[in-house]
Amino acid sequence: MKQVLVLILGLFLLAIVPLVFPSPFFVHLMIMVLMWTVLGAAWNILGGFGGQVSFGHATFLGVGAYTTMILYLKLGIAPWFGIVAGGLVAVVISLPIGFICFRLRGPYFSLSTLAVAEIVRLVALNWESLTNGPVGLLITTLPAITFWGKPINWESKLPFYYIIAIIAVGALAATYIVARTRIGAYLLALREDIESAESIGINTVRARVIALGLSAFLAGAAGGFYALYLRYVDPDAVFSIGLSVEMVFIAVVGGLATVGGPLIGAVFLVTLGETFREHFLTGHLIFYGFFMMLAIRYMPDGFWGRFLFLVGKLRPGKGMNHGAS
Amino acid sequence: MALLEVEGLTKAFGGLRAISDLSFQVNEGEILGLIGPNGAGKTTAFSLIAGFIRPNSGKVVLEGKDIVGLKPYAITRKGIARTFQIVKPFRKLTVLENVTLAAFLRCAARRQAEHEAYAVLERVGLETKAFAFASDLTLSEQKRLEIARALATKPKVLLLDEPMGGLNPTEVEHASELVRAICEGGCTIVWVEHVLKAIMNVCHRVVVIHHGEKIADMPPDQVVNNPVVIEAYLGKKARDYADH
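If you read the sequences in order, they're chains A and B. Position one of the first sequence corresponds to residue 1 (the working numbering), numbered consecutively onward. Position one of the second sequence corresponds to residue 1 (the working numbering), numbered consecutively onward.
These aren't lab readings, by the way, just hints derived from the structure by calculation. A portion of the hints provided could be inaccurate.
Listed below are the simulated DSBU-like cross-link pairs for lysine-lysine, each with C-alpha atoms no more than 35 Å apart in a straight line [to be verified]:
| no. | chain 1 | residue 1 | chain 2 | residue 2 |
| --- | --- | --- | --- | --- |
| 1 | B | Lys-59 | B | Lys-154 |
| 2 | B | Lys-129 | B | Lys-59 |
| 3 | B | Lys-88 | B | Lys-197 |
| 4 | A | Lys-2 | B | Lys-129 |
| 5 | B | Lys-92 | B | Lys-71 |
| 6 | B | Lys-92 | A | Lys-2 |
Each pair of labels, with its calculated beta carbon distance range [said to hold, decoys possible]:
| no. | chain 1 | residue 1 | chain 2 | residue 2 | range |
| --- | --- | --- | --- | --- | --- |
| 7 | A | His-28 | B | Ile-53 | 50 to 58 Å |
| 8 | B | Met-218 | A | Glu-195 | 28 to 36 Å |
| 9 | B | Arg-111 | A | Gly-170 | 47 to 55 Å |
| 10 | B | Ala-119 | A | Ile-16 | 28 to 36 Å |
| 11 | A | Glu-195 | B | Thr-138 | 17 to 25 Å |
| 12 | B | Asp-136 | A | Tyr-162 | 45 to 53 Å |
| 13 | A | Val-17 | B | Arg-111 | 31 to 39 Å |
| 14 | A | Leu-95 | B | Arg-54 | 19 to 27 Å |
| 15 | B | Arg-111 | A | Val-4 | 16 to 24 Å |
| 16 | B | Asp-136 | A | Phe-12 | 41 to 49 Å |
C-beta atoms are modelled at their ideal positions from N, C-alpha and C, and glycine is treated no differently.
This is chain A alone, in the form it adopts within the complex (with noise of 0.2 Å):
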């Protein structure tokens, strides 16, 4: 009861803190904390629940953001379709890439998602004929659709704050879903060891590809929205290392394995990331960088895990990942 009354005044304040604070950069800010949240939790699925940790995700998110935008460009459909499409067609190039990558374990995986996550990028930026190459794809006018009657501002950020709001809830919700069913507690066996995982009975390489899956689904929705928003994708932009990296800080920070998690990690570095943006170009990397290695030393469990270990919800003493500790 009390949970479903914290979740309803969440969901509340989600829907009117763009009507409160309109400012047009905080109102962005809100986006981009909230297109984090989801990319920080499909990495949390994947490398914070299996253990298996991947520094290729930018792979699903540019593949999600260029299929929307082609979409739209060249098909003309809708780009709010071609956000589903986006999840759809990463969880398609996710299959392959588990098939050659699941093959190897623990820091292998890790150096071949890397490299995976290179080859899509260069694909992206020779295949001229599909994503027109460096000079990347641009949105010049979304169409005009009316919602409940009212024409759709897109030049007001607000439409945009409430797809993504929608996506973010969305990827929450998936998480906690696989928190408390059976798939979560496969994924933390097969985390902690995969031959025992086997002998009692779970099919470890399913249970990693339907991780993968729908892990690869919520980033390449995250990089259609992304396309959607920004209306413009280049192979730098979207397929980027740098990309990939920070969604493993965000996940690392906020909190490995916990649903909330990813949306504490977005809050607090996007904050503070695109705070200082403005005055240094890629230094809010130096930030993340900086809270990763704190929470690494004194908050292995990230601030979320911190926060529910104070109030008594997560165990005492045993970090709930890292190999290290």
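Once you have looked at the hints, place chain B on chain A.
For chain B alone, coordinates are given in the frame of chain A:
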């Protein structure tokens, strides 16, 4: 018909024949001991049966169906559960969570799985440690946890890989009682062990392996006096001593 039949199982690692032409039967409701000197191939035989490695040739037949080539998780689903000689608990999860994960195999609902896991913990005497982390248990407790986890998958055949290794005499006594109780609970057991005393007291039948081959298959009281077995364990000279 035997519950589990191993027929002509052979496995070579490069030039080393770890298991060659091994055949034995496991009857429903019995405790079969599998013994042999160090490096005889006991653990390899287990890994072959449980699907962790594939044999070069031979069959493993469970209830009339050949299960060679199935993945370990599929074999567990069919009803063969194993423990590991070197314990492999999920260290950062609690004891109850460890066993609940295994119980998920037979029921999807979390609450029911936890309920069943707790019942298994009571059977092996770990219920007081249910909320401790697996990494905080003593070796003896971790070995029990291995057994509990395997039991929670509701196996027809339970493969125990040296559950007594590294335990003190009192703990061995407790573990023997546990194995007997599990068997009486309706589970067939194949048991690899170095602690011969425990095997002799508990098993109904013993298969002795040496250099990957079966050299004896008889009740435990006969095994201790069998000259071939004594030779395998102690060498030819010891046999000469026994003869004179």
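Hint check results:
1. A C-alpha spacing of about 23 Å is found between B/Lys-59 and B/Lys-154, which places the hinted pair at or below 35 Å, so the restraint holds.
2. A C-alpha spacing of about 40 Å is found between B/Lys-129 and B/Lys-59, which places the hinted pair above 35 Å, so the restraint is violated.
3. The hinted pair formed by B/Lys-88 and B/Lys-197 meets the criterion: a straight-line CA distance of about 25 Å does not exceed 35 Å.
4. As the CA atoms of A/Lys-2 and B/Lys-129 are separated by approximately 31 Å, the hinted pair is consistent with the 35 Å bound.
5. The straight-line distance between the Cα atoms of B/Lys-92 and B/Lys-71 is roughly 26 Å, inside the 35 Å bound, and the hint therefore holds.
6. Taken as a hint, the B/Lys-92 and A/Lys-2 pair is honoured in the structure, with Cα atoms around 29 Å apart against an allowance of 35 Å.
7. Remark: the range hint 50 to 58 Å for A/His-28 to B/Ile-53 is upheld by a beta-carbon distance near 57 Å.
8. Evaluation of the 28 to 36 Å hint for B/Met-218 and A/Glu-195 yields a pass: the beta carbon distance comes to about 33 Å.
9. Range check, B/Arg-111 to A/Gly-170: Cβ separation about 26 Å, and the 47 to 55 Å hint is violated.
10. Checked against the hint of 28 to 36 Å, the pair B/Ala-119 and A/Ile-16 fails, with Cβ atoms roughly 49 Å apart.
11. About 22 Å separates the C-beta atoms of A/Glu-195 and B/Thr-138, a value consistent with the hinted range of 17 to 25 Å.
12. Range check, B/Asp-136 to A/Tyr-162: about 48 Å between beta-carbon atoms, so the 45 to 53 Å window is met.
13. The hinted range of 31 to 39 Å is satisfied by A/Val-17 and B/Arg-111, whose Cβ atoms lie roughly 37 Å apart.
14. Taking the beta carbon of each, A/Leu-95 and B/Arg-54 are about 26 Å apart, inside 19 to 27 Å as hinted.
15. Judged by the Cβ atoms, the range 16 to 24 Å given for B/Arg-111 and A/Val-4 holds: they are separated by roughly 19 Å.
16. About 43 Å separates the C-beta atoms of B/Asp-136 and A/Phe-12, a value consistent with the hinted range of 41 to 49 Å.
The earlier numbered hints that this structure contradicts are 2, 9 and 10.
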